[in-house]
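S.K.: These protein sequences, in sequence, are chains A and B.
With the working numbering as the guide, the letters of the first sequence map in order to residues 1 to 137.
With the working numbering as the guide, the letters of the second sequence map in order to residues 1 to 397.
Keep in mind that the hints were calculated from the coordinates and are not lab data.
Using N, Cα and C, we set each Cβ at its ideal position, and we do this for glycine too.
Treat the hints loosely; a few may be bogus.
Stretch by stretch, here's where chain A covers chain B in the computed footprint (C-beta under 8 Å, at least three residues) [claimed, not checked]: (1) 141-150; (2) 160-171; (3) 201-208.
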Amino acid sequence: MSLPTIRRAGPRPYPPRVSQFTATFWEALAAGRLVTTRGRGSRRLSFPPRPFCPYSFEREVEWSELSGRGTLYSHTIVHAAPRAFAQLAPYRVCIVDLEERLRVAGALVCAGEPVIDAGVQAAVLMHDDGPLLAFQQ
Amino acid sequence: MTTTPCIIGAAALPVGRYQAPRDADIQTLERELLAGVVIEALADAGIDKSLVDAMVFGLERDYPRQRYFGTFMASYLRLPATATLAEVTGNGMTGGLAFDQAANEILLGRARVALALGINLETGIPTDEHLDNTMRHTGDVDFHTPFGFTPISWYAMDAMRYMHDTGATRAELASVAVKSRAFAVHNPLAQYRTPLALEEVLAQRMIVEPLGLFEVPGRADGAVCIVLASEAVARASGAPYLRLRGRGYFHEGAHQINEVPNDMTAYVAAEAAGKAAYDDAGIAPGDLDFAEIYAPCTITEVLASEAFGLAPRGRGAAAAAAGETGPGGRIPISPSGGCLSRGHPPWVTGLYSFVEAAEQLRGRAGKRQIVSAHMGMIVAELGNYNAALVHILEAAR
Numbered sequence: 001m002s003l004p005t006i007r008r009a010g011p012r013p014y015p016p017r018v019s020q021f022t023a024t025f026w027e028a029l030a031a032g033r034l035v036t037t038r039g040r041g042s043r044r045l046s047f048p049p050r051p052f053c054p055y056s057f058e059r060e061v062e063w064s065e066l067s068g069r070g071t072l073y074s075h076t077i078v079h080a081a082p083r084a085f086a087q088l089a090p091y092r093v094c095i096v097d098l099e100e101r102l103r104v105a106g107a108l109v110c111a112g113e114p115v116i117d118a119g120v121q122a123a124v125l126m127h128d129d130g131p132l133l134a135f136q137q
Numbered sequence: 001m002t003t004t005p006c007i008i009g010a011a012a013l014p015v016g017r018y019q020a021p022r023d024a025d026i027q028t029l030e031r032e033l034l035a036g037v038v039i040e041a042l043a044d045a046g047i048d049k050s051l052v053d054a055m056v057f058g059l060e061r062d063y064p065r066q067r068y069f070g071t072f073m074a075s076y077l078r079l080p081a082t083a084t085l086a087e088v089t090g091n092g093m094t095g096g097l098a099f100d101q102a103a104n105e106i107l108l109g110r111a112r113v114a115l116a117l118g119i120n121l122e123t124g125i126p127t128d129e130h131l132d133n134t135m136r137h138t139g140d141v142d143f144h145t146p147f148g149f150t151p152i153s154w155y156a157m158d159a160m161r162y163m164h165d166t167g168a169t170r171a172e173l174a175s176v177a178v179k180s181r182a183f184a185v186h187n188p189l190a191q192y193r194t195p196l197a198l199e200e201v202l203a204q205r206m207i208v209e210p211l212g213l214f215e216v217p218g219r220a221d222g223a224v225c226i227v228l229a230s231e232a233v234a235r236a237s238g239a240p241y242l243r244l245r246g247r248g249y250f251h252e253g254a255h256q257i258n259e260v261p262n263d264m265t266a267y268v269a270a271e272a273a274g275k276a277a278y279d280d281a282g283i284a285p286g287d288l289d290f291a292e293i294y295a296p297c298t299i300t301e302v303l304a305s306e307a308f309g310l311a312p313r314g315r316g317a318a319a320a321a322a323g324e325t326g327p328g329g330r331i332p333i334s335p336s337g338g339c340l341s342r343g344h345p346p347w348v349t350g351l352y353s354f355v356e357a358a359e360q361l362r363g364r365a366g367k368r369q370i371v372s373a374h375m376g377m378i379v380a381e382l383g384n385y386n387a388a389l390v391h392i393l394e395a396a397r
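So that you can see chain A by itself, here it is in the shape it has in the complex (with noise of 0.2 Å):
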C-alpha cells in the first residue's frame, strides 16, 4: 500500500545521512513505503533498520514492510527551534506506537488539535531533496 504523500516545497533543513544500507529504507519512503528490518530467525521487528538484529545479533535480516497505522503517543510544538528549522518554528512532532508495536517520531501534520491515543497514519513529506516521515491526524 502507498502512503500519502504531502509536498514541501525547497530542501530538508537538516537532512539524514544515507548510508548503503538505509538507502533501502530512504528510497522505500520515497515511494510511499514504509520499511524496517526484521531478524530472519528471530522475526523481531527492529526501529531504525539495522544491518543486524538488536535481540539475537544475527548478521541476517531481512525487510519488512509496516502499515503505517498506529496510534499518537505524545506531540509538542517546537517554538525555540535551531538555526537549521528557524524557517518552520513553530512547527510540530510527535511519537507515535505503530500497530507493528514500534515506537517511531517523525513530523506530525494535523488540522486541529492533536488528540492522544487516537489514530494516526503515516504519511511522506516530499521535499527537494528527498523525503521525510510524517504522521497525520
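Knowing the structure of chain A, use the given hints to seat chain B on it.
M.R.: Just chain B now, kept in the frame of chain A:
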C-alpha cells in the same frame, strides 16, 4: 583495604553568563575561571595541593578554544597526578560521572585526594546556533533530528503524555518553577534569585508546548570543583565532611525513546538506579532529608520524584503544587534552586548538585538550610532519563 570516599571541600562560580561573544576584544578564559574555583575548593577542604593524586574533569563543551583541557589545567595549576587524570563525558550525566570516577580513585586506594571538576562555557554562542549543536546530542541524528527535535522537546512530550495520563494541570507542573525559585532566593550561587509567582510562570511565551520560558532552563555558564578524600584524610582535617553511603546506576539500553513501546514517563532508569542506590546504602526513600536532582524542566523533576519513590506515581505534580517538595516540605527537592533557578550549565550541573550537598550536610546552607539534614541523594541523568547515576551522601561531623 577499601575506604569510604568522602567530600571534604567544594567551590563553584555563581551560575551565570561569563562567556564573551566570539568577536569581543576581551575574552573570558576557561583556565582562569576554573583555577580560581580549584584554589577556593582546596582552601575550603583545608588541605595542601600536594595531597591531590587524581583529577577527573567533566569534558568541556567544544566552544572554548583550548582542547586537551584536563592535561592543560594540570600544567596551568602545576598539579601532577599519581592516580589518574581524565576527562569524562555523558552529556547531562557528565558532572555525576566526574564525581563517580574521582570517588573510584579513592575507593581503589589509588588517591588520597581526588578532584572532580569542570567548567561549562556556552553563553557566548547565540541560542539558535547552540541548538544546532545540541540537537545532535539527543535522539537519532538520522531518524529524529531531521524533524527538528531539540533536547527539551522530549521533556515537553513527557509533559503532554503525563497530563493526558494523570489529569495533572499545567499549573501544577509550573509550581515546580515557583518552589525552585523560593529555594534559589537564598542561594548565593543561583542564577535567578528574585521571587517568582505562579502567574508569572504561566504568562511566559511558549518554548516547547506545554513548557513556557520559566519551565525550561535558561542558558548558563558555570565552574565547579569538588574535593574528595579517603576517610583517613577527611577525619584528620577535623572539620565536618560527607561520606558516600551508596551508589546506583542504570542505563536502559535505549536512547531518547525505546523502540518497544513502554511508559515513557515512568523513567525506568531512574527507578532502577534509585533502587540500587537505596539498597547499596541500606536506606529507604523516607530516610532522605533532601534530594538534589538533575531536572532541566518542571516535568522532569516531577517524573524523577515519582521514579525515585519521593512521590506516589501520578501524584508528583500535585505533591509539588502542595509544597511537599519545596522549602519546609516533606521532602525538599533541589534546595539549591535546581536547574530552573540555581541554573543549568549542563555539563557541570551534576557537579553543582554536590556543592549543594556539601553545604546542606555541613550545615552551611544559610536560610535554605534543611533542619538537621543528615542524608541526601544526588542524581545525574542522561537525556530523558534513559540513564541515571545516583549517589547517597551522609553527614559526618
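S.K.: Each hint should be assessed against the structure and marked as holding or not.
M.R.: Hint check results:
Figure legend: the region 141-150 of chain B, annotated as covered by chain A; annotation consistent (10 residues with Cβ-Cβ distances under 8 Å, at least 3 required). Only residues whose C-beta sits within less than 8 Å of a C-beta in chain A count toward coverage, and the region 160-171 of chain B has 3 of them, enough to reach three; the restraint holds. With 4 residues having a Cβ less than 8 Å from any Cβ of chain A, the region 201-208 of chain B passes the three-residue criterion, so the hint holds.
Of the numbered hints given earlier, the model fails none.
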